Amino acid sequence: MLDATNVIKTDALIIGAGPCGLFAVFELGLLDIKAHLVDILDKPGGQCAELYPEKPIYDIPGIPLVTGDGLTKALLEQIKPFGPQFHFGEMVQTIERIGDPEFRVTTDAGKVFECKVVIVAAGGGSFQPKRPPIPGIEAYEAKSVHYAVRQMEQFRGKRLLIAGGGDSALDWTLNLAPIASHLTLLHRRQEFRAAPDSVNKMMALVGEGKIDFVLGQVTSLEGSDGQVSKAIVKRNDGSNFEIACDAILPFFGLTMKLGPVANWGLKLTDDLIEVETASFETSEKGIFAIGDINTYPGKLKLILCGFHEGALAAQKIHRYVYPEKKLTFQYTTSSTSLQKKLGVA
Amino acid sequence: MPKITFIEYDGTVHEVDADIGETVMEAAMRGSIASIVAECGGSCTCATCHVYVDDAWLEKTGERSLEEEEQLDNAYDVRANSRLSCQIKMSEELDGLLVRTPSYQGR
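These protein sequences, in sequence, are chains A and B.
Numbered per this note's numbering, the first sequence spans residues 2 to 346.
Numbered per this note's numbering, the second sequence spans residues 3 to 109.
What the hints contain is simulated information worked out from the structure, not anything from laboratory work.
Here the structure is a predicted model, which means the values were calculated and not measured.
No residue lacks a Cβ here, since even glycine has one placed at the ideal position from N, Cα and C.
Be aware that a few hints might be false.
Straight line, CA to CA, 30 Å or less: simulated DSSO-like cross-link-like pairs of lysine-lysine [stated by the list, open to error]:
#1 A:Lys-159 with A:Lys-144
#2 A:Lys-300 with B:Lys-91
#3 A:Lys-10 with A:Lys-235
#4 B:Lys-62 with A:Lys-302
#5 A:Lys-56 with B:Lys-62
#6 A:Lys-235 with B:Lys-62
#7 A:Lys-258 with B:Lys-62
#8 A:Lys-258 with A:Lys-235
#9 A:Lys-327 with A:Lys-317
#10 A:Lys-341 with A:Lys-74
#11 A:Lys-144 with A:Lys-258
#12 A:Lys-159 with A:Lys-56
#13 B:Lys-91 with A:Lys-302
#14 B:Lys-91 with A:Lys-56
#15 A:Lys-235 with A:Lys-286
#16 A:Lys-44 with A:Lys-300
#17 A:Lys-56 with A:Lys-326
What the simulated footprint calls covered on chain A by chain B, stretch by stretch (three residues with Cβ under 8 Å from a Cβ of chain B suffice, anywhere in the stretch; the number is not a length) [as the list claims (entries may be wrong)]:
#18 23-34
#19 45-57
#20 162-171
#21 186-194
The shape of chain B in the complex, shown without the other chains (with noise of 0.2 Å):
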């Protein structure tokens, strides 16, 4: 079961365990990461389930759809490690993946 760590733009850290398969926020959600909103429920239509993804995560984590890079346009302070967390499957390979949250998803 490959593990997801968040880190809360307060400084809380809360490690979650996800299914392979399900999204980081779908994790998220589960693990109660209070500042991941998910407004839509998975949709990539409500950008408040943004996240910074870890730079040595980068990689693994693969590109921004274009339908994500569209939504990630209503979200804030989007920097170049920013991702919809609802766009990202779990996989092996993303063990130990590590995820900051912004201050603000838009409400």
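Bound-form chain A, shown alone (with noise of 0.2 Å):
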């Protein structure tokens, strides 16, 4: 199963492409330090991108005033020199100790790496879909209750309610309602938050008659064996009724987990990291954890915390890919070396 020529090898493996992962890259890219980074999300900046992309940032040292877009943008701009490599969309799944330290990490695509260090900056966790509060909903899952969509002819010739109103919602909508035996879609109100080209092919859709749109929220779920057969809705005045359907689609953002953070064998308190602080190192030797996943004394939540950690946990990393180098300490306002590296001397 493990074929050699596939193995992606580095240095260093970044668990989350966030801001902290991000300006990691610069700090271990000063040192000769290569990088991949592995994230869920399908872009860089984790919460800067997915929780407040528009949002004011005020606390960023010498920058007054920043977007979580505009940091992610800036970040990426900074750390193009050490050349990136990402994996987006994936979620890193185990992490195997095969060296002192070295680690083979597989990702939920079937991906292996092979590196010297992991540095995890996961922030809260992996964000992964809401699981609305249906009861019983949990025995559905995976068999007729999907929250997400992976091969969509597996809804080929079904009857399907799809639960939400943004774009995850309009877009299965429109791209599932040709394959359906029959599409219903279900909001609370009138209004979508989607883009507006997609609410308009909607509507063109219920105008014909190909799909139905109808208001209210699900309450509960009838089926049997993980098949459900009807979902029962409450419409905004209080009332119910049914939906007959072979298959549900929620789609009601994205919640963060810890997910597979909890099995890497690394000490935690509260669901955080522990670490040193001097090096950022975890309980396992070559694993780091940066940013908002790691605890400490005195530790904040904070962005610029997260780069101050990413700048230590890089000087012990260098010992550890180059055991044989003397680390000598450079600003990069002066040194030519570090200029070079960077692309502006």
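Combine the two chains into a complex, taking the hints into account.
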């Protein structure tokens, strides 16, 4: 199963491409340490991208005001000289120690990395779809309730119920309408926070009688052996009705869950990774944790603290990646060698 | 100092002193109201600080903004008196405010 030619080799594997993971690339890069980054989101920026792309951040040193999106773009520009490799839409599943230190890391997409060190910069954990609080929904999950569409074909000829009013709900309504035998879009109000073009296309399908759009919220499910048969839906006036369906796709945004981090054998306190504060190494030699995911006396969950943690971690990581080399501390302002790495000298 | 009463979905009652100008969510965090999560820290981007405002206080707490209305699409069991507590700012006028929390905030 493990084909050596497909193994991706790198010095450092960074789990999480939020601001701290991105800036770690810079600090590692100055020390000639190459990095790959894995993130479950389909884009860089972490919470800055997912939770507050348009919101102002006021506490980045030297930058009085920047948006989450602006900070992400600036960091990407800053780390460009170091050629980081990104692996988006993937979640790191396992970390196996194969050296002292050296690790083999696998993702849920089947990728295999071999690296000297792992940096966990996973913030609040991984962003995963919100699960609606419908009693007994767990029993239907993966069989007839799906939070993501992996293969459209599995819905061919089925009666689909899509719940939600954002871009995911609208996009999948448009994509699955031609495949499903019947499709109902369920949303709590008339308005959508999706791309206007998608809303128009959806309303056109409703007008042509190809799909149904109904107002309400699912309160319970009926079915057996994981196969849903109908959803009980509450209208805004409190009355109930039923929608017969073979599959349900709820799209209510994302929430942060610790996920596989809990399985990596790291010492945790309240779901946060314990680190020592000289190098931000965890209880496992060669595995580091920076940013919101770590904890130590005095910890503050600030982006600027995560930057500092990345800088210190890089110093220790240098010893693991280049055990023979002595590290001389240098400033980017005055060091020609650092400036060459940055492509400015 | 205006007071807020939180009644959690399991019936637990908490009274929290709020500062003028802080949000109901911020007061809830200080008061350790477990059923308010506030994942995004008050940016109106996660819908995990959802509350039901008691009918007697609906007028004084005002209307949902467009941003809040859109974010409520990611909440569950949204009712006519649903609000995101990070979007209600405390004032003397809201002294005695009563809100209830839903059973589930999304995680």
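Results of checking the hints against the structure:
Only pairs whose Cα atoms come within 30 Å are accepted, and Lys-159 (chain A) paired with Lys-144 (chain A) is accepted, the gap being roughly 13 Å. Between Lys-300 (chain A) and Lys-91 (chain B) the alpha-carbon distance is near 28 Å, which keeps this suggested pair within the 30 Å criterion. For the suggested pair Lys-10 (chain A) and Lys-235 (chain A), the alpha carbons sit about 53 Å apart, so the restraint of at most 30 Å is broken. Among the hinted pairs, Lys-62 (chain B) with Lys-302 (chain A) is inconsistent with the structure: their alpha-carbon atoms are about 34 Å apart, more than 30 Å.
For the given pair, Lys-56 (chain A) sits about 27 Å from Lys-62 (chain B) by alpha-carbon distance, which is consistent with the 30 Å threshold. At most 30 Å may separate the alpha-carbon atoms for a hinted pair to count; Lys-235 (chain A) and Lys-62 (chain B) meet this at roughly 28 Å. The suggested pairing of Lys-258 (chain A) with Lys-62 (chain B) is violated, with an alpha-carbon distance near 36 Å, which exceeds 30 Å. A distance of roughly 29 Å separates the Cα atoms of Lys-258 (chain A) and Lys-235 (chain A); the hinted pair therefore holds under the 30 Å criterion.
A C-alpha spacing of about 12 Å is found between Lys-327 (chain A) and Lys-317 (chain A), which places the hinted pair at or below 30 Å, so the restraint holds. At roughly 22 Å between alpha-carbon atoms, Lys-341 (chain A) and Lys-74 (chain A) fall within 30 Å of each other, so this suggested pair holds. For the given pair, Lys-144 (chain A) sits about 22 Å from Lys-258 (chain A) by alpha-carbon distance, which is consistent with the 30 Å threshold. For a cut-off of 30 Å, the pair hint linking Lys-159 (chain A) to Lys-56 (chain A) is broken: about 41 Å separates their Cα positions.
For the given pair, Lys-91 (chain B) sits about 24 Å from Lys-302 (chain A) by alpha-carbon distance, which is consistent with the 30 Å threshold. Among the hinted pairs, Lys-91 (chain B) with Lys-56 (chain A) is consistent with the structure: their alpha-carbon atoms are about 18 Å apart, no more than 30 Å. For the suggested pair Lys-235 (chain A) and Lys-286 (chain A), the alpha carbons sit about 53 Å apart, so the restraint of at most 30 Å is broken. Note on Lys-44 (chain A) and Lys-300 (chain A): the hinted pairing holds, with a Cα-Cα distance of about 27 Å set against a maximum of 30 Å.
Restraint check: the Cα-Cα separation between Lys-56 (chain A) and Lys-326 (chain A) comes to about 43 Å, which exceeds 30 Å; the hinted pair is violated. Three residues within the 8 Å Cβ limit are the bar, and the stretch 23-34 of chain A against chain B gives 0, so the coverage statement is violated. Here's how the stretch 45-57 of chain A fares: 4 of its residues keep a CB closer than 8 Å to some CB of chain B, so the rule of at least three is met and the hint holds. For the stretch 162-171 of chain A, the stated coverage by chain B holds: 3 residues have a C-beta nearer than 8 Å to a C-beta of that chain, and at least 3 were required.
For the stretch 186-194 of chain A, the proposed coverage by chain B is satisfied: 5 residues have a C-beta within less than 8 Å of a C-beta in that chain, meeting the threshold of three.
Checked against the numbered hints given earlier, this structure breaks hints 3, 4, 7, 12, 15, 17, 18; the rest are met.
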